Amino acid sequence: MSHHDHSIDPKNLTQDPSKATMEGKHKFLGLWIFLGGETVLFACLFGTYLALKDSTAGGPSTHDLYGLELVFLMTVLLLTSSLTSVYAIYHMKNNDFKKMQLWMGITAALGLAFLGFEIYEFAHYIHDYGFTFRSSAFGSAFYALVGFHGGHVVFGLSWIITLMVRNAKRGLNLYNAPKYNTFALYWHFIDVVWVFIFTVVYLMGMVS
Amino acid sequence: MSVNSAHKSGFGATLWDWLTTVDHKKIGILYLAAGAFFFLLGGLEALIIRIQLISPQNDFISAGLYNEMITMHGTTMIFFAATPLLFGLMNYIMPLQIGARDVAFPFLNSLGFWLFFFGGIMLNLSWFTGAPDAGWTNYAPLSLQSPGHGVDFYVMGLQLSGAGTLMSGINFIVTIVLMRAPGMTYMRMPLFTWTTFVTSILVLFAFPALTVGLFLMMFDRMFGTAFFDVALGGNSIIWQHLFWIFGHPEVYILILPAFGVFSEILPTFSKKRLFGYTAMVFATFLIAFLGFMVWAHHMFTVGLGPVANSIFAVATMAIAVPTGIKIFNWLFTLWGGSITINSAMLWTLAFIPSFTIGGMTGVMLASSVADYQYHDSYFVVGHFHYVIVGGVVFALLAAMHYWWPKMFGRYLHEGMGKLAFWTFFIGFHLTFFIQHFLGLMGMPRRYWVFLEDQGLDAGNLISTIGAFFMTFGVLVFVINIFYTWKKGEKAPGDAWGTGRTLEWATASPPIHFNFKQMPLVRGLDPLWIEKMEGNNKMTPAEPMDEIHMPNGSILPLIMTIGFFIASYGFIYQVDHKAWLIAVYVGMAIGMGCMLIRSLRDDHGYHISKEEVEREGD
Ligand code: HEM
Ligand SMILES: [Cu+2]
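For the record, the sequence lines run as chains A and B. For the first sequence, counting from 1, position 108 maps to 108 in the working numbering; every step adds exactly one. For the second sequence, counting from 1, position 51 maps to 51 in the working numbering; every step adds exactly one.
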């Protein structure tokens, strides 16, 4: 079963290197299953937010706070970063390490930009409206939901940056390919959650 | 960091081996040992509660301490005794049953154990500074107003251990999906593996709800948020929802593996295949699915309204159907079998009527109108102990007798096994049967004292006497373990001679790589099939070859210690900001370990073909 030279010869490899080993398959399925749990986590946070979004205790409400331009920009950044991670994985499957690193780098840069705007948004609410996670139940629920998502972005960024630095000189092999692949999966999930936040928090908050 | 100390000896080496192990069998034993320790603690707390209630207006312990006792008893028993003991069994047995050499993520397995263990330690350290006292359900706003740090220990302890449990759940799912031996189709998996699988799915979907609830509680208590604070628009019912969205599935996380245990023991000692295998698998899924739809039956009296109450009532009652199917299948397995009665079987046979009583009172509680009478009375305490003790604890004890020879190579002593069984069994019914009537007569749950001359005296006295019987039974079992360790009779691989599943095809205890060659599975009960065809062992599915094994690692332990320190920091930074240093240092240790883990390539090691051939089985 086991002949463990983990390097791969690009010329005679046609399959997806991220799933060529048992370990790679385990990781891939494991992450999918983990995301199942994450879905419940976010569902509970969404439920809490929906229950408390109008409990402003006399403080700022969704209408006072949200602005579409910023959130729209953030959405574009994050959605694009999901797309660029697809490119990266595409190049991984073609065993083109350099291009994969490049596109992963772009993904990380977009993610960082998103994060920057999110921090700006929070700072803006805090300084200009005095709206914090202690202001009201709405404040608590808002920062919990959006903040948890932001926390996931931070974690994802640390993950991919570590991977890229770590493997910069090593090239692609059967040992690290699954790691890039699971990262990409995780990143898509973050993106999907954001789409729900965009709709349920911001759009609904501005319309209703 | 990577060790293979199989050939070293001495206390230091042995200790290091256990602290760094990633072997699912050793991790299983660690779970069992830690779970047993917490079980004894929880049992002691139960006994103290019962002594307090031995007579009316007793003042054995103070009211405040009493609240701490019931909180710690419930929390300890559910999170740190019953769950980990079952996870220990799953860890040890399931990979053997599917013919795997380990679980899918051995490193994560070890991390899951340490997180659970340190969560339990954290919770119990609260005894020195004031334990949580808001009940194991920790309802807001009571929990928010609880002074001191007790509830904070509850929050952080459960958060740590919950993370560990989730990891184990994911691990088991991937293991079962991807690591079954050749020929082990889904519909050939033993029932214990099936219930491990379905339980893991429940863990996956239930624990994140608890995670969220605990986070919100943590923010409210430590950082001044307003989730449950009505003055700022918060809503304390959210806690109840989150808690029970987790909490009700949790009782199925406990009972499904118990069902799995009985479904293994009955065929072995009836010398018949399990009756209605397919129906059993189907019923397991149905119970799990319904288990998610019924959480609000704990909240009938909250004021959700008649429509919601009715829906949840009917959904709850529906669970009786698949459960009934199981009961009948067990009875039909016995029917016409050639039955051996030993300790494992006694616990199994006692389970059937005991659990059925618990199920019937469950249907009574599910009737939402009637629940206005039962709610928070001793009737509830009677009900859930019939289910949890009569179901889960009986299963754990049955499983101990059944798999002990597999795990430790020696049989538990039968005489002591029977003595422990009879005293515990009688004590159990003495303690809890009468509680239903105490409840119907108006005795509330979680009350420190009851009054004289209200007809509650005799019932409470009997209940406490029963608790002493149970204590005696547990002590006999503990003595049995020590006796067996020193003098127990040695067991062969197929310890009972009538083993049907793959774990019995290995040595007792199994070699560290489980199987020299992956077995070829040709049907349900693969070992039995081979025995019927006159082979005394499994047909191998692969040629003898070198075996790839994972390296041990100390990182999971250090990582856990890091998060443990950070949790302490979170709790005490409320008093003094200097404690934030503990948060940062702890987090740095934890994250640092994660970083080391991802920076170092860890390819594991190989056991050479010659060595595989040499190791006896
Ligand atoms: C075997 C001996 C046991 C005895 C004598 C015992 C006794 C008790 C008593 C007296 C209470 C307090 C009832 C009240 O005043 O509200 C209680 C509560 C509870 N017990 Fe046990 N128990 C035992 C085992 C277990 C086990 C094995 C579990 C779970 C695996 C368990 C889970 C609970 C829970 C969840 C509560 C609720 C605590 C609360 O009301 O907050 N018990 N038990
Ligand atoms: Cu329930």
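Just so you know, these hints were derived from the structure itself, not from any lab. Mixed in with the good hints there might be a few duds.
Said to hold, decoys possible - Calculated pairs, DSS-like style, for lysine-lysine (alpha carbon to alpha carbon, straight line, at most 30 angstroms): (1) 418/B / 25/A; (2) 516/B / 25/A; (3) 531/B / 25/A; (4) 516/B / 19/A; (5) 272/B / 179/A.
None of the values given here were measured: they were computed from a predicted structure.
The hints, checked one at a time:
1. 418/B / 25/A: The given pair, whose Cα atoms are some 47 angstroms apart, is violated under the 30 angstroms limit.
2. 516/B / 25/A: 23 angstroms, holds
3. 531/B / 25/A: With a Cα-Cα distance of about 35 angstroms, the restraint between residue 531/B and residue 25/A is violated, given a limit of 30 angstroms.
4. 516/B / 19/A: 26 angstroms, holds
5. 272/B / 179/A: 47 angstroms, violated
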